[in-house]
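A.B. asks: Chains as they are written, first to last, in the working numbering: chain A, 1201 to 1604; chain B, 1201 to 1604; chain C, 1201 to 1604; chain D, 1201 to 1604.
Keep in mind that the hints were calculated from the coordinates and are not lab data.
Check before you lean on any hint, since a few could be wrong.
[To be verified] Partial pick of chain C residues on the chain B-facing surface, computed with a CB cut under 7 Å:
1) ASP1215
2) LYS1245
3) ILE1313
4) ASP1374
5) SER1376
6) PRO1383
7) ARG1384
8) PRO1387
9) PHE1432
10) THR1433
11) TRP1434
12) GLU1435
13) PRO1436
It should be emphasised that the depicted structure is a prediction, and the values quoted were computed from it without experimental measurement.
C-beta atoms are modelled at their ideal positions from N, C-alpha and C, and glycine is treated no differently.
Protein chains: 4
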Amino acid sequence: MTLVVQKFGGTSVADPERIRQVADHVARTRRHGNEVVVVVSAMGKETDELIRLASEVATVRPGREMDMLITAGERKATALLCMALHDIGVPADSFTGSQAGFLTDTTHTNARILEVRPDRVRQSVDAGRVPVVGGAQGVSSDRDVTFLGRNGSDVTAVALAHALQADACELYTDVSGVFTADPRVVPSARRMSKISFDEMLEMCAAGCPKPAMRGAEFARTWRVPLHVRSSFTWEPGTWVVEEDSSMEQAVVSAVVHDTSEAKVTLAGVPDKPGIAARVFRALADADVNVDMIVQNVSDHGVTDISFTVPRTDLDKATSITGALSSEIGATGVTTDAAIAKVSLVGAGMKSNPGVAATMFETLATAGVNIEMISTSAIRISCIVREADIEPAVQTLHTAFGLDA
Amino acid sequence: MTLVVQKFGGTSVADPERIRQVADHVARTRRHGNEVVVVVSAMGKETDELIRLASEVATVRPGREMDMLITAGERKATALLCMALHDIGVPADSFTGSQAGFLTDTTHTNARILEVRPDRVRQSVDAGRVPVVGGAQGVSSDRDVTFLGRNGSDVTAVALAHALQADACELYTDVSGVFTADPRVVPSARRMSKISFDEMLEMCAAGCPKPAMRGAEFARTWRVPLHVRSSFTWEPGTWVVEEDSSMEQAVVSAVVHDTSEAKVTLAGVPDKPGIAARVFRALADADVNVDMIVQNVSDHGVTDISFTVPRTDLDKATSITGALSSEIGATGVTTDAAIAKVSLVGAGMKSNPGVAATMFETLATAGVNIEMISTSAIRISCIVREADIEPAVQTLHTAFGLDA
Amino acid sequence: MTLVVQKFGGTSVADPERIRQVADHVARTRRHGNEVVVVVSAMGKETDELIRLASEVATVRPGREMDMLITAGERKATALLCMALHDIGVPADSFTGSQAGFLTDTTHTNARILEVRPDRVRQSVDAGRVPVVGGAQGVSSDRDVTFLGRNGSDVTAVALAHALQADACELYTDVSGVFTADPRVVPSARRMSKISFDEMLEMCAAGCPKPAMRGAEFARTWRVPLHVRSSFTWEPGTWVVEEDSSMEQAVVSAVVHDTSEAKVTLAGVPDKPGIAARVFRALADADVNVDMIVQNVSDHGVTDISFTVPRTDLDKATSITGALSSEIGATGVTTDAAIAKVSLVGAGMKSNPGVAATMFETLATAGVNIEMISTSAIRISCIVREADIEPAVQTLHTAFGLDA
Amino acid sequence: MTLVVQKFGGTSVADPERIRQVADHVARTRRHGNEVVVVVSAMGKETDELIRLASEVATVRPGREMDMLITAGERKATALLCMALHDIGVPADSFTGSQAGFLTDTTHTNARILEVRPDRVRQSVDAGRVPVVGGAQGVSSDRDVTFLGRNGSDVTAVALAHALQADACELYTDVSGVFTADPRVVPSARRMSKISFDEMLEMCAAGCPKPAMRGAEFARTWRVPLHVRSSFTWEPGTWVVEEDSSMEQAVVSAVVHDTSEAKVTLAGVPDKPGIAARVFRALADADVNVDMIVQNVSDHGVTDISFTVPRTDLDKATSITGALSSEIGATGVTTDAAIAKVSLVGAGMKSNPGVAATMFETLATAGVNIEMISTSAIRISCIVREADIEPAVQTLHTAFGLDA
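Pulled out of the complex, with its shape left as it was, chain A reads as follows (with noise of 0.2 Å):
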């Protein structure tokens, strides 16, 4: 008997109707042999709902009273799951995270799990039931209802897994899995069957939107196979696996792009040790995620460095970096919000040097600009002009034959 953990997202179970649609498919997966464990979200936009009535109440927003407020929300969404299971004759119970084991630490609104406890979970599977289990949430050593953070549901899901030591984790979501590129820049995109953990991983580094990164690192940590899949079509999507040699050894399997970052450039910085531990310090302090770092040689001991960060923390970072930019003697700051990253994720790369020059020489016949360039094991990624980055998305995925 095969032991599947179904993680099913906010638009999974947005309205009544979606609801009774996942029950159909968690008692179908049982007729086909399966044990289920059930994670559920909070119903659509909920916690986004919630954290905003926090905010048109009250500035000062203890962590405690948030997490009671949030984990409401799949309170709801486990319980009317339950009755809907009950309703076409499937037994399940509700668990909040503290029935289901999940003892946290004490960091409010994002909280750290120290141990999983699933003994209820499990009993129920041995019953012959299905349980469903609150995703994002669990009890802490002070006896408070805890809230994992955003996205926390598939660190549910994923640590549910790894604890019941189950077949598999399917990540349930409104996208039908991982595409070799986003479909609206590459219409002829595909959807990728397979992937290691460490493609996975770059992709939403690289800025794939879908899955979100922290379940993705659970997964590789504990090698849990991840299903990411749609609640829409239902069709198979992506597995999320172990590298193997039986998988499809592309030497790059997808081409993925960010239009989210922004770069800051501080010029004439002088030479010595320390300064851009200073600038990174201070932006690490504010909380900025600074992503790509560039530093040009120094000829005649000034340098330049270039950083991106999320657009959105822009004006944090030049602020930030402007007024250090006196103390530490460099000539200014200067900021560029239209730019864009390309980047080519592929676990063949690693027995392929030519990649990267044959990214360059593609750019460049596609009169495409390089700006920054950073790369990893399994990735390379370039910073060009953000009006180039449709054509250079098209141009690399045809020219690493990732058409379909």
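Once you have looked at the hints, place chains B, C and D on chain A.
C.D. replies: Structure of chains B, C and D alone, referenced to chain A:
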């Protein structure tokens, strides 16, 4: 130091603005030298909304899951009100029914309180904080979440006031108190400043819509002084207290009317023992709430039985009575939905025998025909034509000196 | 036959149950021999919700589209109330602002009425039906939908009452009328049965939250009798009418207070012509609403100017004044948010010169210091410490014989 | 320059984030050199919500008022999408059905289009702007607002594409196109890139849930090329076009199944003219939608008539047929809700006579019993046991070479 339990119903916490107003009022009450314990219902119509969601999801709705679902509403309200209090500098702690010590039986969706152990609530008060307790909820002996049923927040508030030996329990609602008559029918009706527990209960039974009977019953049992008042105008409302000699001893305190009932008559019933028992047992088994019952004196071994039921139960009552009719040898069943009930309530009636006579004369003079009569020690109720109810209430209000 | 315009605000039609209660009330008003025209706002907080949606969708929000969006709320409410009326046998017709003949200018989101041609509304009344008109909306000379702005439903109601020469305009809200003081601060405050147009306007300006000033202004201009009353208790409320000799001639009718303002002081201002003009023009251009202004007598060619603004505008006012400060040669700007305003309002003041003196003595006796003073023919306002506002209001209410 | 009508359904504009994604997509489509006209439905489940509100308010719901109510939903969506477009620099104009020139008859709640005069829409396009038209609405010859009924937005889009002679009409929805079978039952089902109008209609009739039949019918009538595609993945979907020789000529294009029907059998019917007519006229008069009808050959002057109806209509159908049964001399009525329908659809069937035989053999080999059969030129449908439906669909999908 005075300890006050303040209970805020759904309309009082319907949106962020109202929640902030409630927080202001709690802060003001503390500034005036009181300790405050708060009980809140779910925001606005959220409980109805959750029940509707459940009915759209499933026809089979296990009680355990319904209670998990519905109690999510009060959790949200407690957390939000705590944030609003923190925001204006009042330390506060949210408590679920379970955390507040409400132990119940396992009758899901309508649980009965077995015991209240408000240790954490008491500690919070003693620490100079405001405990905010989710209304209408508890934890069962099976350690599952339970719901106390409709108007259960009033029960939570009164039970907590009793357990904490509070000085008063304030029920905030959308009306400004209890009136001598419905102001829609009698524009000169006055808000009463005081009323006895017994009068309040009789008024509830006679059709007075606010407060709900359930909280009034518990308050009488435990002698908890109630203050029914408005969270819109915040003016002092009506106290429901022990009857005492200092109380204004009007013979009649209020005229209450009710147009939600219908009359059923079972004609030509053989005058034999056990017939009435069979009829009313059958109605009770079908959860039909019978209010007034009148049986005419029998001349020729047959009799008529008339009774009133809520109009919403009329179809059910008619079909049950109709089915029994031939079985018990009755000649037929007739129904009448165009009736209304007018009642006089007053503690002073006990020592004033002429009230009934005056009532009947007043109605007669106004040309209002009486179809059924029923009395208690401090109440007289008459069934009249629905079309006559407004003049009936108005003339009685004047005749018994209640006009402002 | 009397013609009444009844206007129901958002809380009065917040949900189906309340809409049905409104329909019952309209039917009752007709049974009592009146013709009724209804004006409705959007349900509950729907207007806020629509504005929030818009702000989540876009930062650029063309006025034409905002008005298309927002007026959808009132359309819903008119249609639903018409259904509720039909359901109890009262024929009714919904009308948009355009159908009701509200012609406006093209100032989207805050349009001004140019003309009201209520032909279809009149025809509906003449046919024995109830017209239900969407509040706060019209059609522009460009034939686009327009919105009259916040509290525009009151304007619609008063304008319609004027155009139809109605006998009264009833404004239903969640409070039961206008009080002699805020009952939260003065539990012995009384609801006034009558008040003059002028007093009502001064009370609005002094901080009385209901009714909104805008409707009161139009009512005064057109001499439309208003009846401010509750749709929760339905008891008679407060009439706002022409002042006449038969009116209770209390010297002081009400004590109003306001804690929503802050004080700004510009110190050491050179005593030259045009300085004040520059300051207050700059504030006006930035849409900062200045309330009280006090300028101290100048001894040495310099002076201090103090004024009050809404606290929500304090940051804006401070930065504008700060920027001007050195430019005009002032020595500095100080601000104080911990103030409050207490006002006496009464038509009788005109012929009773000692009111101000009594007010100042009363406050002095209570140990309340006065920081600024401003008067009109029928109002005296003092700025005091915020911490002193409750005793200030309470002692004045008692001193001027307003306690119940 | 190509002109494209893009229609976005409720899930595509369910919240601010999705509305902004739609705006991005419209902008991208324009950047690629197209003129765009947009049609939108109400956000998410708003139409259902409005209907529910109406049913909670009244049992009598005049059509004129229902249409005033429901069309408010699309107005909101048009205004919000216009704001989102302005926000990214795309000029846009919202149009109600009336402003867009949709003239209808006066059949409220289900109006029929009489004429489309899209002058203002055309002008907006010609001015380089994007007209955004409210779906499913128009104005009647009485100048009242009308609603075109469920799935009316598809009709609006197709009619507008026809009137503007657009090159294509794109229907965006939550699925990524039309599949060769339901992927929940056949994981190897493929999305079709092209399908003919006739095939699409037969698939709709056979139970394929998306797109709605109504839009497909209009598209066939007016020969408007449809593109059914996803607003979640944005990948190219399925084109519904004129059948042509270049089209992939599979004998069978898809296997469609439907478990929403039930079977009714009227047994022992006298074999006389007019009997069937009476039965099906009675059902039609009661709005029962009869799908398949089978009458067995009569041996002894009596016959059995079996037919299928939606399960939601089974009770109604049973009582109507039962009431007629004795009247027409039949021996009785039996019903069976545990059936399912499986259909093969394919334009190639016309020239391939053996398809039916192969279908029956395949089902027989799989042990699936056939209870009723019905055919059209390009479709064969069989009623089987509901429990057999999954293997039936799976074996047919394989047998006709449709597996991916």
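A.B. asks: So, for every hint listed, does it hold in this structure?
C.D. replies: Verification of the supplied hints:
no.: 1; hint: ASP1215; in the structure: holds, 5 Å
no.: 2; hint: LYS1245; in the structure: holds, 5 Å
no.: 3; hint: ILE1313; in the structure: violated, 28 Å
no.: 4; hint: ASP1374; in the structure: holds, 4 Å
no.: 5; hint: SER1376; in the structure: holds, 6 Å
no.: 6; hint: PRO1383; in the structure: holds, 4 Å
no.: 7; hint: ARG1384; in the structure: holds, 4 Å
no.: 8; hint: PRO1387; in the structure: holds, 5 Å
no.: 9; hint: PHE1432; in the structure: holds, 4 Å
no.: 10; hint: THR1433; in the structure: holds, 5 Å
no.: 11; hint: TRP1434; in the structure: holds, 4 Å
no.: 12; hint: GLU1435; in the structure: holds, 4 Å
no.: 13; hint: PRO1436; in the structure: holds, 5 Å
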